[in-house]
Structure formats: structure tokens, C-alpha cells
Amino acid sequence: MPLILAGLVFAAVCGFALASNPSDAGAARAKIFGKTPNTPNPSCPGNCQVQARVTGFQKSVDGKRGIFRVKQTGHIVAWSVDLSRPNKRERNFFEDNLSSADFGSRPTARLSIIKKTDRQHYKLTKQTPVVELMSSLGQSPIFTLTDPLRVRSGEVVALTVPTWLPNFAHERVSRDNAWVGSRGSKKCEGEENLLEKSKPHQKVDSVRKYGCVYRGARLLYRAYFVPS
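Residue numbers (this note's numbering): 20 to 247.
Just so you know, these hints were derived from the structure itself, not from any lab. Some hints here could point you the wrong way.
Cut-off 30 Å, straight-line C-alpha distance, at most; resulting in silico cross-link-like pairs (DSSO-like, lysine-lysine) [to be verified]: (1) Lys222 / Lys206; (2) Lys135 / Lys50; (3) Lys78 / Lys216; (4) Lys216 / Lys107; (5) Lys134 / Lys54.
Quick list of simulated restraints, FRET-style, between CB atoms [what the hints assert, rightly or not]: (6) Lys107 / Asp137: 37 to 47 Å; (7) Thr55 / Ala120: 33 to 43 Å; (8) Arg169 / Ser225: 11 to 21 Å; (9) Lys107 / Ser225: 31 to 41 Å; (10) Arg104 / Ser247: 32 to 42 Å; (11) Asn106 / His140: 36 to 46 Å; (12) Lys83 / Asp137: 16 to 26 Å; (13) Glu190 / Val223: 28 to 38 Å; (14) Lys218 / Lys135: 11 to 21 Å.
No residue lacks a Cβ here, since even glycine has one placed at the ideal position from N, Cα and C.
Put together the whole structure using the sequences plus the hints.
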């Protein structure tokens, strides 16, 4: 049985466009949040785990922290995810157990901007439209935003998954890699918490507790930032 993440186009109309590269206007100056010297492959098929029903951000990569923290005012002009291709049995499991009333049972994601309000709480300041990604499995699609997200120093670029997403790497990933999820500190593990009770952070201006830190794993996503 596939494992849920335990430690877990109508594009232009919705405000983004699928492209092989970010828009020329921003590409030359773009800083890529999440780009690292050594990036693992997502862990599917086989020992398959996914990011599911959660908003999360990578806290550290090989011991380096703050790779998704905004240091100056600017705009997110595009975003991307590295996706594996689960086999049919794995896809059926995720679709059966991780569907959403709003977004169905297919893999989906959106980029989110959050700001810390205290030690474990974050406010959602803005987000992109949701993208359905079934047709992109096994690829690394880049979504150029027709309406870039303005971000400010201190904000964090996170990834929201309303259903499930196979962008999760855990094989041969050291504990110097850690990500943080939008779950209460007592709901970090267990099938019921991950399959039924976990919910992504999607209401703009709301505050949620990010009480779960998962070590030995990478969320494989990137954001293209252009300073003002």
C-alpha cells in the first residue's frame, strides 16, 4: 500500500500560463527559491509517499535554513514542482483516499505566501489559483503567473496541496532536510490525522498553526522571484 506523507488547462483564465521557462521579462533577474546544488528525485513509484491535504514549506535543505524566506520586496513571477509518476495502483490509492469536495481526486497544488505571526502560527497573505497536475506527472512544469504575487521581506513561500501531489523525496535524504506542515502539533502522524483530519491552509488572511516538523524529507517545489 502506498504511504501517505507521514512525517506526509484552463490556465490563462485562472491567472497563470503553462510554460517551459518563466516570462522573458522576469527570467533574467529572477532568483529561484528552492534551487539547490543537490536536488533528489521524488520518491515514486515503489516506496511512494506524497504531500497530501496540507500547506507546507521547506524549512531546511542540507542544514541550510530560510531558502523560502523572502529577503526583500518583489514579485513571484512563476513557480514549479518536480513530479514523479506513481503507478496505477498507487494513483488509485491516492485518488480513493485523498479526494476533495472542491478539487476532486486528482493531484493539485497552488503556491501560497504566508507570514509568521508567532512561534508556530502563520497568516496566509495571498495564493495562486489551484492547478490540476495529472497530465504533468513525471515532469517539472513551470507556471508563469499572468498576475505576479507581490511579496515582502519576512514572508515565506509555501506550497498548498488540496488533494495529493507526488513531489515528495524521502529516500537517501538526510535529517538535515526538514519541512513544516500546517497541522496541529498533536496531529502530525497517524492515518486518521493524515487521511481525514488534515486540511490545507487556503483562506486568505486566516491564521493557522504550523505545528509539525518532518525531518529527512524534501518538498520539491520552486518559486521565481524578481526584486522590485
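For each hint, the structure was consulted:
no.	hint	result
1	Lys222 / Lys206	holds, 20 Å
2	Lys135 / Lys50	holds, 22 Å
3	Lys78 / Lys216	holds, 23 Å
4	Lys216 / Lys107	holds, 25 Å
5	Lys134 / Lys54	holds, 21 Å
6	Lys107 / Asp137: 37 to 47 Å	holds, 44 Å
7	Thr55 / Ala120: 33 to 43 Å	holds, 36 Å
8	Arg169 / Ser225: 11 to 21 Å	holds, 19 Å
9	Lys107 / Ser225: 31 to 41 Å	holds, 37 Å
10	Arg104 / Ser247: 32 to 42 Å	holds, 38 Å
11	Asn106 / His140: 36 to 46 Å	holds, 38 Å
12	Lys83 / Asp137: 16 to 26 Å	holds, 24 Å
13	Glu190 / Val223: 28 to 38 Å	holds, 35 Å
14	Lys218 / Lys135: 11 to 21 Å	holds, 20 Å
Of the numbered hints listed earlier, not one is contradicted by the structure.
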